[in-house]
Amino acid sequence: MSGGKILYDTSFYIEVLRSKSFAQAFRSRYEADIPITFFSSVVIQELLAGATDRLKQAVVQGLYRPFVRNGRIVTPTHSVWEEAGRLLGVMRGQRKDQVDRLTGSFVNDLLIALSARGVGAKVLTLNSDDFTLIRKYLPFSLEILKA
0 MSGGKILYDT
10 SFYIEVLRSK
20 SFAQAFRSRY
30 EADIPITFFS
40 SVVIQELLAG
50 ATDRLKQAVV
60 QGLYRPFVRN
70 GRIVTPTHSV
80 WEEAGRLLGV
90 MRGQRKDQVD
100 RLTGSFVNDL
110 LIALSARGVG
120 AKVLTLNSDD
130 FTLIRKYLPF
140 SLEILKA
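The sequence shown begins at 0 in numbering that gives the first Met the number 0 and counts up one residue at a time.
Rather than coming from a laboratory, the hints here were simulated on the basis of the structure.
The beta carbon of each residue, even a glycine, is placed where N, CA and C say it ideally should be.
A couple of the hints might just be wrong.
[What the hints assert, rightly or not] PhoX-like, lysine-lysine: derived pairs with alpha carbons at most 20 Å apart: (1) LYS145 / LYS19; (2) LYS135 / LYS121; (3) LYS55 / LYS19; (4) LYS145 / LYS121; (5) LYS4 / LYS121; (6) LYS135 / LYS95.
[Claimed, not checked] Ranges between beta-carbon positions, derived for each pair: (7) ALA50 / ARG91: 25 to 35 Å; (8) SER27 / ARG134: 23 to 33 Å; (9) ARG85 / ALA50: 31 to 41 Å; (10) SER104 / GLU81: 14 to 24 Å; (11) GLY92 / GLY61: 25 to 35 Å; (12) GLY92 / ALA22: 20 to 30 Å.
Build out the structure end to end from the sequences listed, making use of the hints.
Structure follows, in structure tokens:
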């Protein structure tokens with residue numbers, strides 16, 4: 000077990016669903032980390048948005064429902080949304096060449112990082128690009144995973 004709270008990003012769950020070998024490689028660590036794992040409502044939204052039929056939706060629900068039952072869902076608060084807006088404004092002002100990138104899923108990643116920080120959780124992700132950029136503006140605990 001890693002210690003402390005952890006929160007897996009959407010990219011992790013997508014890779015688990017897409018790659019049997021990845022899922023098998025991370026299974027023992029994930030199972031060991033279950034007692035300290037939290038699930039983001041932002042991740043739930045992203046996963047359900049990609050679930051295009053009832054079977055896929057059921058699979059996604061199977062991932063997060065145990066966390067709902069155990070009260071371990073992390074949801075962005077008003078102050079998290081406010082801070083996300085402030086940080087996006089700063090980033091857009093400083094990274095004019097990347098303004099198009101700083102929308103959609105990037106905003107979700109920022110909400111995940113802020114929410115995780117708010118509950119003292121480390122973010123585990125395969126998405127090094129977005130989370131490394133976010134970390135330049137926001138101190139939070141981060142672990143980049145390899146597929």
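Evaluation of the provided hints:
{"no.": "1", "hint": "LYS145 / LYS19", "in the structure": "holds, 15 Å"}
{"no.": "2", "hint": "LYS135 / LYS121", "in the structure": "holds, 16 Å"}
{"no.": "3", "hint": "LYS55 / LYS19", "in the structure": "holds, 16 Å"}
{"no.": "4", "hint": "LYS145 / LYS121", "in the structure": "holds, 16 Å"}
{"no.": "5", "hint": "LYS4 / LYS121", "in the structure": "holds, 6 Å"}
{"no.": "6", "hint": "LYS135 / LYS95", "in the structure": "holds, 16 Å"}
{"no.": "7", "hint": "ALA50 / ARG91: 25 to 35 Å", "in the structure": "holds, 31 Å"}
{"no.": "8", "hint": "SER27 / ARG134: 23 to 33 Å", "in the structure": "holds, 27 Å"}
{"no.": "9", "hint": "ARG85 / ALA50: 31 to 41 Å", "in the structure": "holds, 32 Å"}
{"no.": "10", "hint": "SER104 / GLU81: 14 to 24 Å", "in the structure": "holds, 20 Å"}
{"no.": "11", "hint": "GLY92 / GLY61: 25 to 35 Å", "in the structure": "violated, 42 Å"}
{"no.": "12", "hint": "GLY92 / ALA22: 20 to 30 Å", "in the structure": "violated, 41 Å"}
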